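Using the hints, position chains P and E against chain U.
Protein chains in written order, with this note's numbering: chain U, 1 to 296; chain P, 297 to 426; chain E, 427 to 737.
It is worth saying that the hints were derived from the structure and are not from the lab.
All figures in this text were calculated on a predicted structure; none of them were measured in a lab.
By construction, the Cβ of each residue, glycine as well, lies at the ideal position given by its N, Cα and C atoms.
Take these hints with a grain of salt, some might be off.
[What the hints assert, rightly or not] Part of the chain E face toward chain U, derived, beta carbon under 7 Å:
#: 1; residue: L430
#: 2; residue: W432
#: 3; residue: R436
#: 4; residue: Q438
#: 5; residue: T507
#: 6; residue: L510
#: 7; residue: T513
#: 8; residue: T517
#: 9; residue: A530
#: 10; residue: V531
#: 11; residue: H705
[Said to hold, decoys possible] Listing some non-contacts, in silico: residues in chain U with all C-beta distances to chain P over 12 Å:
#: 12; residue: D5
#: 13; residue: W106
#: 14; residue: R165
#: 15; residue: Q169
#: 16; residue: T179
#: 17; residue: G211
#: 18; residue: R254
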Amino acid sequence: MIAIDADHLGKRYGQRWALRDCTLSVPEGHIVGLVGANGAGKTTLLHLAVGLLVPTAGTITALGARPGAGPQQLSRVGFLAQDAPVYSSLTVAEHLRLGQRLNPRWERELATDRVRRLGLDPGQRAGRLSGGQRSQLALTMAMGKRPELLALDEPVASLDPLARRAFLQDLMELAADLTPTVVLSSHLLSDVERVCDYLIVLADGQVRLHGAVDELLADHKILTGPRRDVQSLPSSQEIVRVSHTDRQTTVVIRTAQPVLDPRWVVSTIGLEELVLAYMSSSAGDRPTRALGPVPA
Amino acid sequence: MIEFRIDPGSGVAPYRQLVQQVRQALRLGLLHEGDQLPTVKGVVGQVAINPNTVLKAYRELEHEGLAEGRPGLGTFVTRSLTDSTLAAHKALRAELSRWLVKARRAGLDDDSITALFDSTFRGTAEEDIA
Amino acid sequence: MSWLAWRQFRTQALLAAAATAAIVVTLVLTRDRLARVAGTEDISTALDSLQLLGTALIGLPAFVGAFWGAPLIARELETGTHRLVWTQSVTRGRWLAIKLAVAAVAAVATAALFSATFTWWSVPLDQFGNRVGTANFGQRGVAPVAYALFALALGTLMGAIIRRTLPAMAATLAGFFVVRFTFQWVVRPRLRAPVIASRPSNEFGVQDGSSALNGWVLSSHPVDAAGRAVHDVYAGEFGRQMARVCGITIDSGSSEGERIECINRLGLTDIVRLHPDNHFWGLQIREAIIFTLLALILAGVTFWWIKRRIS
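Okay, chain U solo, but in the shape it has when bound:
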């Protein structure tokens, strides 16, 4: 089953394309990290997936249906927007009541239990909560209806380390319990590394990389060696990023084959380096060799 399926998806605001030509197929059951710089299109992609935006070009489906198409679809998808918006004049308890009244399926015990465990005062107005508490309340609002797909837009970006850790612990517990597909956008790669087993890298509104983290890390290698022309690399090794100093060349490649050239020192790649390699090279100046699927 595919959780999110996008086909040449694009969204334009006036003259600017916030997202362009995005094609992905995210399998369900994963915890997906959506990474990219500010303005790369992460929020736009998430808003399209949950039905807050309508595509300008291409299509997108979430859990096999059009996002936002009716209450049935809306009840299967949970969303936590950037900055965790809540109704500041409503109390915590009233928010839970909101959840119950506006959703056909609402885990009342789960929600009230969670609020109690978090130490939130049900009578407290949401506008008086700290940033971390607001995020936790917003997470409860998104999860309380037991969604099959949960999307979170930079949920921990403005939290202090303690609140961040607490939030991720809770999110992982909920994930272990209710097993939704989770998509969370972040630019904190350390969090992504701990928590995500599927990755999508966006830059300038386009998908640069997507796939299961294990496979991606296994498929990529870093080659270092004396400075040389990279045109000599075999076609089975797709070049992702090249950098030269006066003495040395470093290449990030994607390949399913072992590297046999003895002049290269081969190292495995970490998640952070992998993401940076794809984010930094702009689509325009990437070497045009070796495109397409890696030969088996």
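Showing chains P and E alone in chain U's frame:
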């Protein structure tokens, strides 16, 4: 109950770290045969990692014969690592202490002792393979 | 959803209820004195108070539109809560319909209450006053209810388009008054065919208090005994008649009294186009229907707008 921690900078995959920590606990006698390992939910609530990582670690432990998942009940330790050759360990430890005393008298500092051990260890390991 | 709509509207509703209560109490308390004054010389001050109150109440529907309508959508867009509520399981259409319904019910109730109270309060003056006149027409009958619905719909749409509460409030107030007064001066006179009546002239200094007509005078022009229009008593046919019959011309040095006596002898009549008092309900109902239709159209546009245009 065992408490896990993940070191993101260690270069060891998270699931392997969990496996190693269980084996460590078994060796030190912190875990015994029949003890229940923490639930997946419990582990991720403590350590904030992907639940699949924990599942993978527990599957690995099952594969190594150290643990067993019982549906509806949890994952339980099936074997200890401290039972056999406890006496042999004691003898080895005593011999090692004597060797260390000799090494120090010969003038080796901590780093040199470690380097000597590492190279000899690797050397013998390669001989075993060959 | 109705719980949420009411809960969000609660404060505004309570404020409105308090204000309404204050005004109604004031009116009730002053009614007796008004009734006593009605038959005396102080009638003109009473009519002035009526006018004042009527003017104040002109603002009521605008208030409804700006303070209830503008924040309805704009507040949520400003604070980002639309991203919370639109991703629960309620569709945008249903969300807006219920929020709008709650505000609309309150708007109708408030406007109806004000209209009824104002009408009841001014009954002693009605025989002297003028129900159809522009000072009071919009504050009684069914018109205020239609204005309130229109203002609410306008406010809500402005909020959806402008996306910020304060500018939307300003735009709503401006828009409401422009429409309200344009309608009053341009459309309302034509909603029904006015009645043509005649009375002894009030022009050119010929003053006869008994020639007041009860109704909303749209235009009035004087004609002579033969029915010809008279623009200037010293010119044209009337001027020649004045010279021939009374010997008065523009530089004959005659007194005002002589001039007036001559005009009366020759006979000068005003032809008046007006809506008399009995046109009141006809005009009210037509105006109310038009404003209600406008409200429905604006509401329709708002539904379309939020479904297609917002993230």
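message: Min Cβ distance, E:Q438 to chain U: is it shorter than 7 Å?
response: 12 Å, violated
Interface-negative label, U:W106 against chain P, beta-carbon threshold 12 Å: 21 Å, holds
- prompt: Hint check: is the beta carbon of E:T517 less than 7 Å from a beta carbon of chain U?
  reply: This hint holds: E:T517 lies near chain U, its Cβ roughly 6 Å from the closest one there, short of 7 Å.
- prompt: Minimum Cβ separation between U:R165 and chain P greater than 12 Å?
  reply: The assertion about U:R165 is violated, with a minimum of 6 Å to chain P.
- prompt: Hey, does the E:H705 contact hint survive, CB to chain U under 7 Å?
  reply: The hint is violated - E:H705 has no Cβ within 7 Å of chain U, the shortest such distance being about 48 Å.
- prompt: With a cut-off of 7 Å, does the beta carbon of E:A530 approach a beta carbon of chain U closely enough for the hint to hold?
  reply: Since the shortest Cβ distance to chain U is 21 Å, the answer is violated.
field: Consistency of the no-contact label for U:D5, given chain P and a CB cut of 12 Å
entry: 22 Å, holds
query: So is U:G211 really clear of chain P, every C-beta pair being over 12 Å apart?
result: 15 Å, holds
query: Close enough to count: is the Cβ of E:R436 nearer than 7 Å to one in chain U?
result: 9 Å, violated
message: Take the shortest C-beta to C-beta distance between E:L430 and chain U; is it under 7 Å?
response: 6 Å, holds
field: Cut-off 7 Å, beta-carbon criterion: hint that E:T507 touches chain U
entry: Holds, because the Cβ-Cβ distance from E:T507 to chain U comes to roughly 5 Å (cut-off 7 Å).
query: Can we confirm that no CB of chain P comes within 12 Å of the CB of U:T179?
result: 8 Å, violated
Figure legend: structure checked against the earlier numbered hints; hints not met, in rising order: 2, 3, 4, 9, 10, 11, 14, 15, 16.
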